[in-house]
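Colleague: Please model the complete structure; the sequences and the hints are all you need to start from.
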Amino acid sequence: CSSDLIMQGLTFFNGYFYCSFDLYNGNGKIVKYDSFGNKVSETKSMLIGHCAEIAYRTSTNKIYVCNGGGNNPTHVYVVDYNSSKIQTDLNYESLGHSALLAIDNFHNYLILHTTLNDDNGNAKFTIIKLTNMSTVASFNIASQGIPQGLETDGNHIYLYTNNKITVIDYNGTIISSFSINKTGESEGLTLASKNGTSFLAMGYNSPNRIYALIKNKKRSLKASN
Numbered sequence: 001c002s003s004d005l006i007m008q009g010l011t012f013f014n015g016y017f018y019c020s021f022d023l024y025n026g027n028g029k030i031v032k033y034d035s036f037g038n039k040v041s042e043t044k045s046m047l048i049g050h051c052a053e054i055a056y057r058t059s060t061n062k063i064y065v066c067n068g069g070g071n072n073p074t075h076v077y078v079v080d081y082n083s084s085k086i087q088t089d090l091n092y093e094s095l096g097h098s099a100l101l102a103i104d105n106f107h108n109y110l111i112l113h114t115t116l117n118d119d120n121g122n123a124k125f126t127i128i129k130l131t132n133m134s135t136v137a138s139f140n141i142a143s144q145g146i147p148q149g150l151e152t153d154g155n156h157i158y159l160y161t162n163n164k165i166t167v168i169d170y171n172g173t174i175i176s177s178f179s180i181n182k183t184g185e186s187e188g189l190t191l192a193s194k195n196g197t198s199f200l201a202m203g204y205n206s207p208n209r210i211y212a213l214i215k216n217k218k219r220s221l222k223a224s225n
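Numbering (my numbering), first residue to last: 1 to 225.
By construction, these hints were calculated from the structure, which means they are not laboratory data.
For each residue, glycine too, the CB sits at the ideal point set by N, CA and C.
Careful, some of the hints might be misleading.
Stated by the list, open to error - Quick list of the computed label-pair ranges, beta carbon to beta carbon:
id: 1; residue 1: SER41; residue 2: SER176; range: 32 to 40 Å
id: 2; residue 1: SER138; residue 2: SER41; range: 35 to 43 Å
id: 3; residue 1: THR131; residue 2: PHE36; range: 21 to 29 Å
id: 4; residue 1: ASN140; residue 2: ASN38; range: 24 to 32 Å
id: 5; residue 1: MET133; residue 2: SER83; range: 22 to 30 Å
id: 6; residue 1: THR131; residue 2: ASP80; range: 31 to 39 Å
id: 7; residue 1: TYR24; residue 2: ASN171; range: 16 to 24 Å
id: 8; residue 1: ASN132; residue 2: ASN38; range: 37 to 45 Å
id: 9; residue 1: GLY196; residue 2: TYR24; range: 25 to 33 Å
id: 10; residue 1: VAL167; residue 2: ASP80; range: 29 to 37 Å
Modeller: Right under this line is the structure:
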């Protein structure tokens, strides 16, 4: 694969990081890495758009992908990683643009971030129960910056904008925020774990890499494609 491809989304499952890459012209792929940044495998090209953020649903072993982008109507693609197949295309165009997503595997929720305008618009969050696809809650917050990643721990939502993570509860109250200042563009956010320690991991590009935020210290690994 071309070395100039830029990582977009990030998720973690069972000791491995999964990164999405925009292949342009509506195509994208997902690449699996070990905790040292070594490539394990990758999907074929799929019609998953900008693939701005991805999340792993543990009950079905499927990866959820949102197309993202400030001008793209929101779609969520349910992907089988092993076969490189899109199993479902969930149309959420009515919610707007700039899609990000997270999976709450404790409550079986899909959490969507969208805006009504472009990447600079105020953020709308929609919490959807995956067992019946009903909307559990929705709320809006003021723009926190260019949307780059989303994650949840089952109680709080973590919104990743350029060089900043904002912590929000499920009622839409902003709890806190903190800065992550590194070179390159912020790309993707996930909760990961190693040796029993859980931590937030966030992506950056130029070069593509992942930072593990552990006890206020940042450790990086290279996510080359």
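Colleague: Tell me if the beta carbons of ASN132 and ASN38 are separated by a distance inside 37 to 45 Å.
Modeller: holds, 40 Å
Colleague: Between MET133 and SER83, does the C-beta distance stay in 22 to 30 Å?
Modeller: holds, 23 Å
Colleague: Starting from the range 21 to 29 Å, see whether the pair THR131 and PHE36 falls in it by beta-carbon distance.
Modeller: Distance hint for THR131, PHE36 is violated at roughly 37 Å.
Colleague: Per the hint of 35 to 43 Å, is the separation of the Cβ atoms of SER138 and SER41 within bounds?
Modeller: Check passed, 37 Å falls within 35 to 43 Å.
Colleague: Looking only at beta-carbon atoms, does the pair SER41, SER176 fall within the given range of 32 to 40 Å?
Modeller: Roughly 37 Å apart at Cβ, these two residues keep to the hinted range, so it holds.
Colleague: Evaluate the given range 29 to 37 Å for the C-beta pair formed by VAL167 and ASP80.
Modeller: holds, 32 Å
Colleague: Is 31 to 39 Å right for how far apart the beta carbons of THR131 and ASP80 are?
Modeller: Since THR131 and ASP80 have Cβ atoms about 19 Å apart, the given range 31 to 39 Å is violated.
Colleague: So does TYR24 sit 16 to 24 Å from ASN171, Cβ to Cβ?
Modeller: Check failed, 38 Å falls outside 16 to 24 Å.
Colleague: Could you see if the CB distance from GLY196 to TYR24 stays within 25 to 33 Å?
Modeller: Once the Cβ atoms are compared, 40 Å apart, the range 25 to 33 Å for TYR24 and GLY196 is violated.
Colleague: So the hint says 24 to 32 Å: do the beta-carbon atoms of ASN140 and ASN38 match that?
Modeller: With a Cβ separation near 41 Å, ASN140 and ASN38 fall outside 24 to 32 Å, so the hint is violated.
Of the numbered hints listed earlier, those contradicted by the structure are 3, 4, 6, 7 and 9.
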